[in-house]
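If you're matching them up, the sequences are chains A and B in order. As numbered in my numbering, residues 1 to 429 make up the first sequence, in order. As numbered in my numbering, residues 1 to 322 make up the second sequence, in order.
In short, the hints are calculated from the structure, not lab data. Keep in mind that a hint or two might mislead.
[Unchecked claim] Computed far set for chain A versus chain B, every beta-carbon distance over 12 Å:
no., residue
1, 175
2, 176
3, 213
4, 271
5, 320
6, 347
7, 396
[Claimed, not checked] Here's a subset of chain A near chain B, in silico, CB distances under 7 Å, partners left out:
no., residue
8, 27
9, 112
10, 139
11, 141
12, 144
13, 145
14, 147
15, 169
16, 172
Just so it is clear, CB atoms sit at the ideal spot from N, CA and C, and this is done for glycine as well.
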Amino acid sequence: MKRLAFRNARLIDPASGLDARGGLLVENGRIADVGPRLFNDADPRDPEVIDCKGLVLAPGLIDMRVLTGEPGSEHRETLESAGRAAAAGGVTTMVVMPNTDPVIDEPSLVDYIKRRAEATARVRVLPMGALTKGLAGEVMTEIGLMMEAGAVGFTDGDRTLSNTRVLRRALSYAATFGALVVGHAEDPELSRNTSMTEGEFAMRLGVPAAPAMAETIIVERDIRLVEMTGVRYHFGQISCGAALDAIAAAKARGLPITCGVSAHHLTLNELDVEAYLTFRKVKPPLRSEADRSAMVEGVASGVIDVIVSNHDPQAPDTKRLPFAEAAFGTVGLETLLPAALSVYHERRASLPHVLEKLTAAPARILGIEAGALKKGAPADLVLIDPDQPFQVDSSTLHSRSLNTPFEGRRFQGRAQKTYVGGECVFSAK
Amino acid sequence: MTTATAAPILQSSHLLGIEGLSVSEINGLLDLAEEYVALNRAAEKKTTVLKGRTLINLFFEASTRTQSSFEIAGKRLGADVMNMSVRTSSVSKGETLIDTATTLNAMRPDILVIRHQDSGAAELLSRKVDCCVVNAGDGSHEHPTQALLDALTIRRRGRKLEGLVVAICGDVLHSRVARSNIHLLSKMGARVRLVAPRTLLPGNVDRFGVEVFHDMKQGLEGADIVMMLRLQLERMAGAFIPSTREYFRFWGLDREKLAYAKKGALVMHPGPMNRGVEIDSAVADDVEVSVIHEQVEMGVAIRMAVLDALARGLAAEGRNAP
Chain A
1 MKRLAFRNAR LIDPASGLDA RGGLLVENGR IADVGPRLFN DADPRDPEVI
51 DCKGLVLAPG LIDMRVLTGE PGSEHRETLE SAGRAAAAGG VTTMVVMPNT
101 DPVIDEPSLV DYIKRRAEAT ARVRVLPMGA LTKGLAGEVM TEIGLMMEAG
151 AVGFTDGDRT LSNTRVLRRA LSYAATFGAL VVGHAEDPEL SRNTSMTEGE
201 FAMRLGVPAA PAMAETIIVE RDIRLVEMTG VRYHFGQISC GAALDAIAAA
251 KARGLPITCG VSAHHLTLNE LDVEAYLTFR KVKPPLRSEA DRSAMVEGVA
301 SGVIDVIVSN HDPQAPDTKR LPFAEAAFGT VGLETLLPAA LSVYHERRAS
351 LPHVLEKLTA APARILGIEA GALKKGAPAD LVLIDPDQPF QVDSSTLHSR
401 SLNTPFEGRR FQGRAQKTYV GGECVFSAK
Chain B
1 MTTATAAPIL QSSHLLGIEG LSVSEINGLL DLAEEYVALN RAAEKKTTVL
51 KGRTLINLFF EASTRTQSSF EIAGKRLGAD VMNMSVRTSS VSKGETLIDT
101 ATTLNAMRPD ILVIRHQDSG AAELLSRKVD CCVVNAGDGS HEHPTQALLD
151 ALTIRRRGRK LEGLVVAICG DVLHSRVARS NIHLLSKMGA RVRLVAPRTL
201 LPGNVDRFGV EVFHDMKQGL EGADIVMMLR LQLERMAGAF IPSTREYFRF
251 WGLDREKLAY AKKGALVMHP GPMNRGVEID SAVADDVEVS VIHEQVEMGV
301 AIRMAVLDAL ARGLAAEGRN AP
C-alpha cells in the first residue's frame, strides 16, 4: 500500500471550516485520515513523512476557466504544457474551455479531450462543451450526450449569444438535464471592434472602447432568462461593480446563479494598459479602479463565488501587434494563487476565505469530488507558503506561452508542492 | 344499426374540440363507436345513416390516415364524400379561408371536415357556414377524433379510463393530439403525465392539472399507457432539440425505457411514426405491447360515430332531412 504522511501543517479546508495545525495521511491516492495532532510524533526522517514546517496544506486548486490551445493551436499551449503550468501554480483540476479548433461541440470531441488529457496532462482536466454548434450562437449542442461523455458544463467561451430566442431554448434544454451553463457577459454590438473599457484613459490613448455597461446589460438579460428557465447559470468572469450588484440582487432572490472573477481583474485596472501593453489586453477589458475595487469587495463579501485564471496563452504572432490588432488574453495558471492571495495580504479577506474561492466553491458549482480535505477524497493537495515574496519572471513560467500581464510584479505567496492523487506533480526548487 | 332519428348524443352541431364536451357526450360517442367497430369487421360494411348527405373533407395540411379515415367513415355511412385538397383548389391561388368556406357553404354540404395549420381555423369556419363542422386538427390546438379513438382503443383493451396512469411523451409543445388527450383523459378521471424536454413543453402546461416530468424513467414509472407523440420536425422553425440521435437517446421509446412502465403497459402512437426518433421499431412492431394498428382501426369507427351523432342533430333540427 502506497502511503504518504504530512505532519506539522496548517491544515486549511474551506469546505469543512477546518483551520488548524495537524497532519494528513494519503493511502493509494486518497486521503485516509486528516486532523489536528495527526503524526505529531512521527519520525521526520521517515521517507514517507513530509514535514510541512507550518506551511499551509490545502485542497489542490480548481481553475474553472482555462484555454489550452489543444486541439488546433498547439504552438501556444497543449494539455501537457498547461498541465505543467497548472501543477506549478498549485492547480490540480483545470476546466478547459471548448473554444478550440475544432470547437468542442459534440460528444466524441469531449471524449477526445478527456483521453488526451489522461494520457498527457499531470493534473486533472475537465472539459466544458460548447453551448451552440461551432460557437455560432444558432443551434444548440447535444448537451445530454456531451454530459454523458464527461462535459462538466456548457459555454460559448468568450462569446455572448445575441439571439435571445436561441439562448432561451438552450438554457431551457440545459435545465432539462440539470446542466451547468457558463455565460460570458459582453454585449456583442456594444463591444464590437473595441479593445479597452470606455473612459478617460482609453480616450487619451485613442483606443476604441466599450462601456462597462455592455457587461451589465447582458448580466441583467441573462438573469431574467435564468428566472424563466431555472437553469444553473454561472457568469464565467465579472469585471464591473454594476454587474456585481445585479448578481447580488439575483442571488438574494434565490436564483441559481453564481459568478467568477479573473485574477487580473482583482489586481489590475485600465491604467495598467500603460503604453499600449498588449499583454494586458483582455476580454472583458481591464476596468476602472472603482470596478477593480468592487471585485475585491465582491470576493470579500462572497457575492463572487470563484476566482479563475482565465488562462489564455497567446504567442508573439498574436500579441506583438498594434493594440487594436493584438489578440485578447493572458496566461494565468501560475499566477492565479499569488494574485488571489493579494486579497488576503491587503487584509480584505481571511486566508481560508480566499482559498474557498479556489477550492470548495468551484467544486460545489461543478458538482465534482474535489476541493476538500476529506477522508476518502482524492489526495489532490497543495502545500502553500502564503507569505513568500517573489517577483514574476516570465522566463521561469512552465506555460508554452509567456504572455503574463504580471511581468516584474511583486507578489506574496505561492505553491511549494502540488500533489494529484497522492503523486507529487510539482516541487519548488 | 342506429338510425339518424335516434336520441341526440352531441349538444352542439359541431365537433370542434374535446374541451367543450361533457363526460356523457364522450361516453355516448364511445358507445356508438363500439357498434361501428362490429360493423366494420362485417362483410357488409355499408349503412344508410348518412344517405343523401354530402361530406366535404377540406384538408389544408397533408394527411394520409385522418383524411382517408373520414372518407371511409363517410362512405360506409352512405354519404357522398368529396375530398378537397388544397393543392388543387383556389386556396393556393390566394383565396382566404372564409372565402373558401362561404363558397363551399353555397354548395350546401351537410358536414365539413377541416384540417388546418392554424389553431382556431375550425372554430372560425364553424361561424361562417350553415353545416356541421368537424375539426380534424387545427394547428397545435385540438384533434378531437384522435383523442376519442385513443380512448376507444384503451377501453376495448379492457382498461378503465378512471384512475388509469397515462404518460404522454414527446413533442407536447406542437401537439394538438396531446391537448385533446389531456382534456379527454382528465375529464374521464385518468391521471395524465407529460414527459418531455423543457423545450418541447409549453409554458404553464401544469395548469392543465397534469404531472410534468423531464426524465423518461421517472415519467414512465408505473404508467399503464405510454402515449408517444410524433416529433413534429416540420413545425420546428428553430431548434427545440439539438439532434434526433440525442432525442432518441433520452426520449425515444425503446425496450429499456418501456421497462420502467407497468408490466403489461400499452404503447400508443398517433402516427405517422418517426422510427428511431421517438420510437424504436422493436417496440412499435411488438404486437404484445403496441396497439398502434388498433388505433387506426378505431379511428374509422370513431369518425363514423361522430358523423352519425352530428347527422342526428341535423335530423332533429329538420334541416335537409332525408
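Quick rundown of the hints versus the structure:
1. At the 12 Å boundary, the C-beta of residue 175 of chain A falls inside the reach of chain B, the nearest C-beta of that chain being 6 Å off.
2. For residue 176 of chain A, the condition that its CB be more than 12 Å from all CB atoms of chain B is violated, with the nearest at approximately 4 Å.
3. No beta-carbon of chain B is positioned within 12 Å of the beta-carbon of residue 213 of chain A; the least distance is around 29 Å.
4. A cut-off of 12 Å between C-beta atoms confirms that residue 271 of chain A is not in contact with chain B; the least separation is 45 Å.
5. Taking the minimum C-beta to C-beta distance to chain B, about 40 Å, the non-interface status of residue 320 of chain A holds against the 12 Å cut.
6. For residue 347 of chain A, the condition that its CB be more than 12 Å from all CB atoms of chain B holds, with the nearest at approximately 46 Å.
7. The beta carbon of residue 396 of chain A is kept farther than 12 Å from every beta carbon of chain B, the shortest such distance being approximately 44 Å.
8. Evaluation of the residue 27 of chain A hint against chain B yields a violated restraint, the C-beta minimum of about 37 Å exceeding 7 Å.
9. A cut of 7 Å between beta carbons decides the hint on residue 112 of chain A: the least distance to chain B is about 18 Å, and the hint is violated.
10. With 7 Å as the threshold, the beta carbon of residue 139 of chain A comes within range of chain B, its nearest partner Cβ sitting at about 5 Å, so the hint holds.
11. Taken as an interface hint, residue 141 of chain A checks out: its beta carbon lies about 6 Å from the nearest beta carbon of chain B, inside 7 Å.
12. Proximity of residue 144 of chain A to chain B holds as hinted, the smallest CB-CB distance being about 5 Å (cut-off 7 Å).
13. The restraint placing residue 145 of chain A at the interface with chain B holds, with a minimum CB-CB distance near 5 Å, inside the 7 Å limit.
14. A distance limit of 7 Å between C-beta atoms decides the matter here; for residue 147 of chain A the minimum to chain B is near 10 Å, and the interface restraint is violated.
15. Because the closest C-beta pair between residue 169 of chain A and chain B is about 5 Å apart, less than 7 Å, the hint holds.
16. Given the 7 Å rule on beta carbons, the hint for residue 172 of chain A holds: about 4 Å separates it from the nearest Cβ of chain B.
Consistency note: the structure conflicts with the earlier hints numbered 1, 2, 8, 9, 14.
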